[in-house]
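Chemist: Okay, here's what each chain looks like letter by letter:
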Amino acid sequence: MADLIAKLPCDGLLPLSIGKATLVEVVPVALTSVSPLKGAEKDLSKAMTKAHGVGFPGPNNSNGDDAVRAIWFGRAHALLIGPAPDSALVKHAALTDQTDAWAVVCLDGDAAESVLARLAPVDLRHSVFGLGQTVRSQLGHMTASITRVGENAFQIMVFRSMAKTLVHDLKTAMVAVDARG
Amino acid sequence: MRVAGKGLLNTGRSVPFTFDGVRYDGIEGDTLASALLANDVKLVGRSFKYHRPRGVLSAGSEEPNALVTIGSGAQKDPNVRATVQEIHAGLQAHSQNRWPSLAFDAMAINNLAAPFLGAGFYYKTFMWPKAFWEKLYEPVIRRAAGLGGLSGENCADEYERAFAFCDLLVIGAGPTGLMAALIAARAGADVILADEDFRMGGRLLAETYEIDGLQGHLWAEQALTELGAMDNVRLMTRTSVVGVYDQGTYAALERVGHHKPHKAGPLECFWRIVAKRCVLAAGAIERPVAFRNNDRPGIMTAGAVRAYLNRWGVSPGKAVTVFGNNDDAHRTARDLLDAGVHVAALIDSRHDAPNFDGAQLMRGGQVCNASGARGIDAITVRTASGEERIRTDCLAMSGGWNPTVHLTCHMNGRPEWNREIAAFVPKPGAVPGMVTAGACNGAFSTADCLQQGIDAAKIALAELGLTAPDTALPDADDAPYRIAPLWAVAGKGRAWLDFQNDVTVKDVKQAATENFRSVEHMKRYTTQGMATDQGKSSNVGALAVLADATGRGIPETGTTTFRPPYSPVAIAALGAGGQGDGFAPQRYTTSHKASVERGAPMVEVGLWYRPSFFPKPGEKTWRQSCDREVGLVREHVGVCDVSTLGKIDIQGPDAAAFLDFVYTNMFSTLKVGRVRYGLMLREDGYVMDDGTTARLGETHFVMTTTTAAAGEVMRHLDFVHQTLCPELDVSFISVTEQWAQFAIAGPKSRDLLNGLLEAPLGEDWPFMACGSVDLMGVQGRLFRISFSGEHAYELAVPARYGAALFRELVARAEALGGGPYGMEALNVLRIEKGLLTHAELHGRITAFDLGLGRMVSAKKDCIGQTLSNRPGLKDPERERLVGLKPVGAIKQLMPGAFLFDKDAEPVRVNGQGYLTSACYSPTVGSTLALAFLKNGPERHGEVIKVVDHLRGLETLCEVVDPVFFDPAGGRARG
Numbered sequence: 000m001a002d003l004i005a006k007l008p009c010d011g012l013l014p015l016s017i018g019k020a021t022l023v024e025v026v027p028v029a030l031t032s033v034s035p036l037k038g039a040e041k042d043l044s045k046a047m048t049k050a051h052g053v054g055f056p057g058p059n060n061s062n063g064d065d066a067v068r069a070i071w072f073g074r075a076h077a078l079l080i081g082p083a084p085d086s087a088l089v090k091h092a093a094l095t096d097q098t099d100a101w102a103v104v105c106l107d108g109d110a111a112e113s114v115l116a117r118l119a120p121v122d123l124r125h126s127v128f129g130l131g132q133t134v135r136s137q138l139g140h141m142t143a144s145i146t147r148v149g150e151n152a153f154q155i156m157v158f159r160s161m162a163k164t165l166v167h168d169l170k171t172a173m174v175a176v177d178a179r180g
Numbered sequence: 000m001r002v003a004g005k006g007l008l009n010t011g012r013s014v015p016f017t018f019d020g021v022r023y024d025g026i027e028g029d030t031l032a033s034a035l036l037a038n039d040v041k042l043v044g045r046s047f048k049y050h051r052p053r054g055v056l057s058a059g060s061e062e063p064n065a066l067v068t069i070g071s072g073a074q075k076d077p078n079v080r081a082t083v084q085e086i087h088a089g090l091q092a093h094s095q096n097r098w099p100s101l102a103f104d105a106m107a108i109n110n111l112a113a114p115f116l117g118a119g120f121y122y123k124t125f126m127w128p129k130a131f132w133e134k135l136y137e138p139v140i141r142r143a144a145g146l147g148g149l150s151g152e153n154c155a156d157e158y159e160r161a162f163a164f165c166d167l168l169v170i171g172a173g174p175t176g177l178m179a180a181l182i183a184a185r186a187g188a189d190v191i192l193a194d195e196d197f198r199m200g201g202r203l204l205a206e207t208y209e210i211d212g213l214q215g216h217l218w219a220e221q222a223l224t225e226l227g228a229m230d231n232v233r234l235m236t237r238t239s240v241v242g243v244y245d246q247g248t249y250a251a252l253e254r255v256g257h258h259k260p261h262k263a264g265p266l267e268c269f270w271r272i273v274a275k276r277c278v279l280a281a282g283a284i285e286r287p288v289a290f291r292n293n294d295r296p297g298i299m300t301a302g303a304v305r306a307y308l309n310r311w312g313v314s315p316g317k318a319v320t321v322f323g324n325n326d327d328a329h330r331t332a333r334d335l336l337d338a339g340v341h342v343a344a345l346i347d348s349r350h351d352a353p354n355f356d357g358a359q360l361m362r363g364g365q366v367c368n369a370s371g372a373r374g375i376d377a378i379t380v381r382t383a384s385g386e387e388r389i390r391t392d393c394l395a396m397s398g399g400w401n402p403t404v405h406l407t408c409h410m411n412g413r414p415e416w417n418r419e420i421a422a423f424v425p426k427p428g429a430v431p432g433m434v435t436a437g438a439c440n441g442a443f444s445t446a447d448c449l450q451q452g453i454d455a456a457k458i459a460l461a462e463l464g465l466t467a468p469d470t471a472l473p474d475a476d477d478a479p480y481r482i483a484p485l486w487a488v489a490g491k492g493r494a495w496l497d498f499q500n501d502v503t504v505k506d507v508k509q510a511a512t513e514n515f516r517s518v519e520h521m522k523r524y525t526t527q528g529m530a531t532d533q534g535k536s537s538n539v540g541a542l543a544v545l546a547d548a549t550g551r552g553i554p555e556t557g558t559t560t561f562r563p564p565y566s567p568v569a570i571a572a573l574g575a576g577g578q579g580d581g582f583a584p585q586r587y588t589t590s591h592k593a594s595v596e597r598g599a600p601m602v603e604v605g606l607w608y609r610p611s612f613f614p615k616p617g618e619k620t621w622r623q624s625c626d627r628e629v630g631l632v633r634e635h636v637g638v639c640d641v642s643t644l645g646k647i648d649i650q651g652p653d654a655a656a657f658l659d660f661v662y663t664n665m666f667s668t669l670k671v672g673r674v675r676y677g678l679m680l681r682e683d684g685y686v687m688d689d690g691t692t693a694r695l696g697e698t699h700f701v702m703t704t705t706t707a708a709a710g711e712v713m714r715h716l717d718f719v720h721q722t723l724c725p726e727l728d729v730s731f732i733s734v735t736e737q738w739a740q741f742a743i744a745g746p747k748s749r750d751l752l753n754g755l756l757e758a759p760l761g762e763d764w765p766f767m768a769c770g771s772v773d774l775m776g777v778q779g780r781l782f783r784i785s786f787s788g789e790h791a792y793e794l795a796v797p798a799r800y801g802a803a804l805f806r807e808l809v810a811r812a813e814a815l816g817g818g819p820y821g822m823e824a825l826n827v828l829r830i831e832k833g834l835l836t837h838a839e840l841h842g843r844i845t846a847f848d849l850g851l852g853r854m855v856s857a858k859k860d861c862i863g864q865t866l867s868n869r870p871g872l873k874d875p876e877r878e879r880l881v882g883l884k885p886v887g888a889i890k891q892l893m894p895g896a897f898l899f900d901k902d903a904e905p906v907r908v909n910g911q912g913y914l915t916s917a918c919y920s921p922t923v924g925s926t927l928a929l930a931f932l933k934n935g936p937e938r939h940g941e942v943i944k945v946v947d948h949l950r951g952l953e954t955l956c957e958v959v960d961p962v963f964f965d966p967a968g969g970r971a972r973g
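Line order of the protein sequences matches chains D and G.
Numbering that gives the first Met the number 0 puts the first residue of the first sequence at 0, with every later residue one more than the last.
Numbering that gives the first Met the number 0 puts the first residue of the second sequence at 0, with every later residue one more than the last.
These aren't lab readings, by the way, just hints derived from the structure by calculation.
All the given hints hold, so there is nothing to weed out.
Listing some non-contacts, in silico: residues in chain D with all C-beta distances to chain G over 10 Å:
| # | residue |
| --- | --- |
| 1 | 21 |
| 2 | 40 |
| 3 | 41 |
| 4 | 42 |
| 5 | 49 |
| 6 | 50 |
| 7 | 52 |
| 8 | 63 |
| 9 | 81 |
| 10 | 86 |
| 11 | 105 |
| 12 | 129 |
| 13 | 130 |
| 14 | 134 |
| 15 | 150 |
In silico DSSO-like links for lysine-lysine, alpha-carbon gap of 27 Å or less:
| # | chain 1 | residue 1 | chain 2 | residue 2 |
| --- | --- | --- | --- | --- |
| 16 | G | 859 | D | 37 |
| 17 | G | 592 | D | 6 |
| 18 | G | 670 | D | 37 |
| 19 | G | 275 | G | 457 |
| 20 | D | 90 | G | 670 |
| 21 | G | 259 | D | 19 |
| 22 | G | 592 | D | 170 |
| 23 | D | 90 | D | 37 |
A short, non-exhaustive set of chain D residues, derived as facing chain G with CB atoms under 10 Å:
| # | residue |
| --- | --- |
| 24 | 2 |
| 25 | 5 |
| 26 | 95 |
| 27 | 98 |
| 28 | 115 |
| 29 | 159 |
Just so it is clear, the structure is predicted and the values come from calculations on it, not from any experiment.
Glycine is no exception: its CB is placed at the ideal position from the N, C-alpha and C atoms.
Excised from the complex, chain D in its bound form (with noise of 0.2 Å):
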């Protein structure tokens, strides 16, 4: 019997690049929700930097870069993007199989943060939110995880039944702060 074909949540929509931001769907191997069990904490985010070279990351942070990423996900979560989990974290946390249950999104560029700024309402600023800083709020109407990545990079996550919706919000952004010249 022939294998079931797999589909991206972005798929037929993304890359689009106006003016000075592009927008691009990001496809890491795997997404997992880490939250570790009662007082294993300090265990378990040792157990990822031995497996995976990084920690826990404390709130609004994230730990790691385009490879192997953890970013904190909300109250006593982690999302680790990149490779499946280590089984060793089996001891210390649940794991949540998330690789397709989100939309991920990079917006890059100079516009990114002004593009951000009609969709979010954080302060995204550099002094403010720099590099490998996280924030879960709104995108719109939706509820998302907002990640710098990169200098004027940002990695955006909505519900992957979402992802129409979130590539009409951006791209709308993206095409009023263009007009602005």
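We have chain D already, so just place chain G on it with the hints.
Modeler: Using the frame of chain D, we list chain G on its own:
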């Protein structure tokens, strides 16, 4: 007319535009008002009520008279202030509220009827007969009175919203604001400088002062160049800060596209600015003096005349007269004379007015009348020696200046009266984090403004923990501001206070006579200050007249409440992004495309889109498709996307204990590899949600919620865990989006699956079993659960495979005589089985009402258990779940209908319950309904009356068990 050698319109580039269809030329940098005045157009609009001819009064955003409509069709923009609108090539402006033309307005008949149309006229006149109000009076009045009209079409322009953050927000870029911004920016603060004008500089552009030996506008330019070069400064021109809110949040409206011919991109942007500190340097607004016919075109505020002369190089008249009660008015005469414009007279109401050279000075004089219908031609001046008529085509008047205190009042601060300047000034500390400075703070000399700008910045910087650089006060004019109050000139006739709403001195006195003595009552009785300009140039004058009429002082009389927005904001800007696809997020299932391709009409379920039914060729109504889909599930096998149901992954050593606490029934006893139906209560004992929970491992569960309550249940679990049982070692996260899940229901469901799964299902897959399965290279989860009463499964795969799996399942189902089914069939299938949705679980239903009272386990505690035992919640008299089947000739049943005893009159007091869900069941061959009926379960067999008052339906029904089909449940288990 333009005055040679005056003005700051650097490029001199000519710009054509039209007003009422006539082409004019302005100069780049002109507002519509300055360009019209340059072309000697004085008559710009008609007044609201009396259709009086009106011209330009001011040179700023406070303009009450010169309102025009810009553009046409869906892009028509009414009530645009000509003093704010910049001209651009192709600009088409039209006057408003006149017919057939501006010069001849038939509605000016209202002006003749003025004696009858004073304050309170409508209230007194149109009281009766009552029916006439809506049908006759109101439409007629609305047609006659009013400003610009809306197009009636959908908004075709784009608007946007945006957020900004800074250390210091400086509102107003006049000398004060520029000084404050410079100090703060040099200290390293992140500064936003916002100004409503398209060119920053404030009064420095309108006056001839010098600062540090530089002309004011050049000093401003120098400051702006420095600010513009700094990374920590954002200059926001055309941005009016319109509202002040908690925690340093400021609303601002930026006019992005009004000044450009091509409207690509947004027209306006509504900003929410969050600032740690704010310096308010909003300036001041000059107030007119009320005298007879003071609304004639050509009568303007004195400061506006200076602004037109000095900034735009325009003199609004050839023989100008100046009338004032303060030294500032003398500047107008001086600037005009210096520019070579003839000044016919300077009338100063003060007997001790300072000397003036170059024009006739009339000390102690008062202008008491003006003539000239469409533009003044003369004024009458009253002095001790009698009345004198002076020919003039422009009168510049000044009753003094009102500090722009509005924003300081948005958090309920009340301004304080300052006798010395005869004006209200802000109460210090009225807005936390805001310092007021300059003219808005009552400082009326340039030197004072600059000093206050420095001081305000220093206060803000100290609070921000930054050090202010040493800055010397620039050398500037510090002439004192001397004023002797003059609000209204005594005399007959109508003297206007509120130009935009046509409110006169007489109206305010009338209000006082009729005992509307409170300023708030006077405002509402006369409508003073209730027009789009919010009475910016009339409030203080009106309350001064009221104070006089009631024999009180001005401070005792007080002001009305200044509320946001400071200047008009389009609803389209407030709701920007909310049109069309921006209204709400759209959630699509992985099978969406395939469903649409099959012609399925999609319905919104919360934010999700789900297929109603899948029409086949020849099917003309939804019922035909629905009946067929029900049949194929009952006889063969149907496939339905159920991914929208909430799925919550629950893990941890205490997961089972946690579930025992949130569900009414026991989950700790559930075996691994099995599923159980659960009922969840709110704290108050009512049902919150139901669903199934599967045990995937000893410490691993996956809970299913209804689509409607997915978010609510997630929030509830978080609340319970964080506040009620934080000691439990459990964690959970939504996996709704991770899994695409499909119901495969019908007698042939196992056949379908066995053709698909790598290992066929054996006897170890009874009803309510679950486990991991492999299919087509993917690992999925299978649950043997049923929402149709048939032998059924739900198969879940990672969402990326959802689209492919749906097509595969449908193809296989069709090969077995089945196919896809939609929401309509799903609903019929579950009603036939008496299964519940949120039509039944609507928030005031208990487990007892549903006949599920025994599911509230007595062996353990759970959320809502205690309160569910309140006597009232277990009263047999309660409306409880039953099934209904029509027995008479009429078979139609609709949700929302009410239940009555067979012979009772169908009125509220006789109500016995209500109907929640209804359908036609092709399986049973009858209309069926679920309903809540008093004493329901005890009344099986009784015939009752179901009345749908809305649709005029009356149906006799037999009360039956809510499970209409296969009550023993053999089909699901088999």
